[in-house]
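Student: So you can see what is in the structure, the chains are spelled out below.
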Amino acid sequence: MKKIFKLFSIIILLSLNSYSAFSAEKVEYLKTDWSFKGLFGKFDRASLQRGYQVYTEVCAACHSMKYLSYRNLSEKGGPEFSVAQAKAIAASFEVTDGPNSDGEMFTRPGKLSDKFVMPYENVKAAEAANGGAYPPDMSVLVKARGGGVDYIYSLLQGYEEAPSGMTLDDGVHYNKYMYGNKIKMSAPLSDGIIEYSDGTNASIEQMSKDVTTFLMWAAEPSLEARHQMGFKAIVYLIILTILVYFSMKRIWSRVESEV
Amino acid sequence: MSDHEYTPKSKAGKWFNDRLPLLTLANHLTDYPTPKNLNYWWTFGGILTFCLITQIVTGLTLAMHYIAHADMAFESVEHIMRDVNYGWLIRYIHANGASMFFLAVYIHIFRSLFYGSYKSPREIIWIIGIIIYLLMMAAAFMGYVLPWGQMSFWGATVITNLFSAIPLVGEGIVTWLWGGYSVDNPTLTRFFTLHYLIPFLILGLVVLHIWALHVPGNNNPVGIDIKKPSKDTVPFHPYIVIKDGFALLMFMIVFAFFVFYAPNILGHADNYIEANPLVTPAHIVPEWYLLPFYAILRSVPDKLLGVVAMLSAILILAVLPWLDTSKIRSAVFRPLYKQFYWILVADVLILGYMGAMPAEGLYLLIARVATAYYFLHFLVILPVLGLKERTIPLPLSITEPVLGGSPNMAMAKKKESKLE
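In order, the protein sequence lines correspond to chains A and B.
With the working numbering as the guide, the letters of the first sequence map in order to residues 28 to 286.
With the working numbering as the guide, the letters of the second sequence map in order to residues 3 to 422.
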């Protein structure tokens with residue numbers, strides 16, 4: 028039995044090791060306590076709501092989030108805005124709909140069922156407006172980066188003066204945590220760039236944490252359900268395994284053999 | 003395989019069974035005499051059956067919601083994750099299920115290598131197993147392409163390009179595989195079709211694998227034939243059923259941990275970026291279970307020879323029953339083979355690690371040495387070892403100790419209990 032576990036752990040460790048070797052840059056990411064980590068991890072509701080505010084007031088100017096719908100904002104396990112609030116948020120956006128009976132496209136206020144409105148018509152338009160760099164869609168951004176939340180959290184706070192000897196082209200910025208240290212996005216956050224509606228002090232660190240939490244939820248909206256179900260499933264399996272173990276011992280006691 | 007002829011008790015049962023002997027089959031499966039000394043390494047056959055069924059059931063469900071189109075595949079996966087009821091659960095079981103499937107199959111294969119289960123009279127079981135393994139790799143590779151992320155796209159490009167190494171017709175074959183001049187929508191739709199087909203081929207081969215197993219019966223940790231079925235074996239049901247069930251539950255706990263708490267840890271982050279033919283990822287790596295063969299491919303400087311080496315590394319297993327010249331099955335009685343066995347295990351793990359590293363410098367050198375050793379093991383060490391090795395005397399039967407209370411049997415017993 029012990030050997031089985033040994034082999035299991037060797038294989039698992041080895042596979043983890045080989046993957047982290049790519050994702051991890053040599054720099055250490057900034058660490059913070061994420062409420063959604065661990066067996067019972069849940070999102071901090073207030074942080075998600077603040078994170079949405081950062082996203083919509085800062086990031087959404089360039090970054091789309093095309094796989095999310097406004098209804099998601101009021102769904103369980105998310106920021107859990109009230110349905111009325113989510114409706115109001117949706118209605119604050121202009122959505123292109125149509126064609127109508129005259130064959131014309133028209134705009135109307137957003138509804139809960141609408142996907143998040145994109146800042147640009149298409150990738151080309153986004154590139155043209157951002158010096159050739161496409162601001163990636165943020166729907167699954169956290170899962171699409173090796174370091175995950177720690178990477179995003181660090182990147183947002185990683186803007187520094189370029190070290191002497193490093194020349195940066197126009198529109199390129201130095202970031203400690205970016206792959207190759209060169210990033211086309213200018214520092215998006217500055218102290219007090221937004222005013223939190225719940226009165227929290229909008230420091231860069233606070234905003235980074237809130238928006239990263241929001242991005243984590245956006246990428247993994249079922250995280251809370253997954254953690255809850257996982258705990259139940261594993262407890263159930265462990266109890267069943269113990270019961271089956273004793274049944275097995277009982278059955279095998281009829282023959283002269285070890286099991 | 004019980005000696006007595008089975009007849010159903012009820013009249014209706016007898017009537018049916020005379021026309022289609024399903025009840026005889028069921029009776030055979032429950033009574034099937036199994037060596038009583040099987041250890042837990044023998045439970046992975048049942049675990050693998052579970053994995054296959056899990057993949058088929060979750061896969062069917064995913065196929066109801068997935069759209070095999072280059073412009074919509076990535077989005078449809080997000081649709082499954084967000085809008086389909088428990089879609090996230092089904093997809094994470096399917097994605098991690100592939101890894102669990104390979105974890106189990108590697109243990110199953112290495113168990114066979116340790117206890118010599120591939121040797122006469124079980125060569126056909128073994129060869130069918132190798133074909134299943136090949137089909138599993140094909141299915142897994144094509145499945146990884148379906149989400150149409152960056153690693154899907156570029157993995158497909160790299161692997162299909164291997165065929166271009168074939169002289170004269172290579173380029174033509176690649177175009178034919180792609181259904182165009184690059185990996186694109188036609189490639190995706192055909193991969194989806196084949197990914198859907200292969201599991202059912204595997205299912206058919208699994209039936210043959212088990213059928214072929216039930217002719218000679220199971221090998222066992224001592225590796226000698228059953229002498230007295232009444233003493234050395236137990237009926238499959240309930241003894242093996244409950245033991246396999248217990249092992250399966252332990253396996254499911256590990257499986258559940260990945261699904262619920264680390265669902266993306268075995269995948270690559272780049273596959274959450276939608277496929278983009280204009281941007282090549284910094285490192286293109288296959289899934290972990292293909293890494294040893296990827297390392298062998300890259301350790302040969304010539305493209306064609308690299309492909310040949312990679313394919314040989316797998317196909318060499320099919321002729322293993324004839325490369326291993328030893329008549330003794332179990333490594334318990336082969337002190338030298340046992341050491342070379344563990345060196346091979348280490349060699350394959352090293353190859354896997356090197357497959358994940360960039361092919362340069364020291365990594366490449368180690369990968370080359372490990373590749374050479376892999377072939378050395380099968381082509382030189384095994385044939386020679388069988389002829390030269392001084393083996394430990396075998397016990398007379400699974401249950402009876404060797405005459406005169408030989409210490410070897412005690413040693414074998416100790417080894418077994420350690421494994422358990």
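Simulated from the structure, these hints should not be mistaken for lab results.
Where hints are given, some of them may not hold.
[Said to hold, decoys possible] Label-pair distances were calculated between CB atoms; the ranges are:
1) A:Ala88 to B:Leu351: 34 to 44 angstroms
2) B:His81 to A:Gly192: 21 to 31 angstroms
3) A:Val150 to B:Ile69: 15 to 25 angstroms
4) B:Leu210 to A:Ser109: 51 to 61 angstroms
[Stated by the list, open to error] With a straight-line cut-off of 20 angstroms between C-alpha atoms, the simulated DMTMM-like cross-links for lysine to aspartate or glutamate are:
5) A:Lys142 to A:Glu188
6) B:Lys230 to A:Glu285
7) B:Lys305 to B:Glu173
8) A:Lys142 to B:Glu80
9) A:Lys211 to A:Glu188
10) B:Lys229 to A:Glu283
11) A:Lys142 to B:Asp85
12) A:Lys93 to B:Glu173
13) A:Lys103 to B:Asp85
[Claimed, not checked] Which chain A residues face chain B? A few, computed with CB under 7 angstroms, are given here:
14) Pro136
15) Lys138
16) Leu139
17) Val167
18) Ala171
19) Ser249
20) Leu264
21) Met275
22) Ser284
A virtual CB, placed ideally from N, CA and C, is assigned to each residue, including glycine.
Student: A separate judgement is required for each hint: does it hold in the structure or not?
Tutor: Each hint tested on the structure:
For the pair alanine 88 (chain A) and leucine 351 (chain B), the beta carbons lie near 49 angstroms from each other, so the given range of 34 to 44 angstroms is not met. Taken as a hint, the range 21 to 31 angstroms is violated for the pair histidine 81 (chain B) and glycine 192 (chain A), whose Cβ atoms sit roughly 48 angstroms apart. Between valine 150 (chain A) and isoleucine 69 (chain B) the beta carbon distance is about 20 angstroms. The supplied range of 15 to 25 angstroms therefore holds. For the pair leucine 210 (chain B) and serine 109 (chain A), the supplied restraint of 51 to 61 angstroms holds, since their beta-carbon distance comes to about 60 angstroms.
Only pairs whose Cα atoms come within 20 angstroms are accepted, and lysine 142 (chain A) paired with glutamate 188 (chain A) is rejected, the gap being roughly 38 angstroms. A C-alpha spacing of about 18 angstroms is found between lysine 230 (chain B) and glutamate 285 (chain A), which places the hinted pair at or below 20 angstroms, so the restraint holds. Using a Cα cut-off of 20 angstroms, the hinted pair lysine 305 (chain B) and glutamate 173 (chain B) holds, with the two alpha carbons roughly 13 angstroms apart. Taking the CA atoms of lysine 142 (chain A) and glutamate 80 (chain B), the gap is near 13 angstroms; set against the 20 angstroms cutoff, the hint holds.
Taking the CA atoms of lysine 211 (chain A) and glutamate 188 (chain A), the gap is near 14 angstroms; set against the 20 angstroms cutoff, the hint holds. With a CA separation close to 16 angstroms, the supplied pair lysine 229 (chain B) and glutamate 283 (chain A) stays within the 20 angstroms bound. Restraint check for lysine 142 (chain A) and aspartate 85 (chain B): satisfied, since their Cα atoms lie roughly 12 angstroms apart, inside the 20 angstroms limit. Under the criterion of a C-alpha separation no larger than 20 angstroms, the hint pairing lysine 93 (chain A) with glutamate 173 (chain B) is inconsistent with the structure, at around 39 angstroms.
For a cut-off of 20 angstroms, the pair hint linking lysine 103 (chain A) to aspartate 85 (chain B) stands: about 13 angstroms separates their Cα positions. At about 23 angstroms, the closest approach between the beta carbon of proline 136 (chain A) and any beta carbon in chain B exceeds 7 angstroms, and the interface hint on this residue is violated. Hint status for lysine 138 (chain A): violated, given a least beta-carbon distance of 16 angstroms to chain B, over 7 angstroms. The interface hint given for leucine 139 (chain A) is violated, since its Cβ lies 13 angstroms from the closest Cβ of chain B, which is over the 7 angstroms cut-off.
Hint status for valine 167 (chain A) relative to chain B: holds, with the closest Cβ pair at about 5 angstroms, below 7 angstroms. For alanine 171 (chain A), the suggested interface contact is upheld, since its CB lies about 4 angstroms from the closest CB of chain B, less than 7 angstroms. With a least beta-carbon distance of about 4 angstroms to chain B, the hint placing serine 249 (chain A) at the interface is held under the 7 angstroms criterion. The beta carbon of leucine 264 (chain A) is positioned within 7 angstroms of a beta carbon in chain B (closest approach about 5 angstroms), and the interface hint is therefore held.
At about 5 angstroms, the closest approach between the beta carbon of methionine 275 (chain A) and any beta carbon in chain B falls short of 7 angstroms, and the interface hint on this residue holds. Checking serine 284 (chain A) against chain B: minimum C-beta separation of about 4 angstroms stays under 7 angstroms; hint holds.
Violated hints, listed in ascending order, are 1, 2, 5, 12, 14, 15, 16; each of the other numbered hints is respected by the structure.
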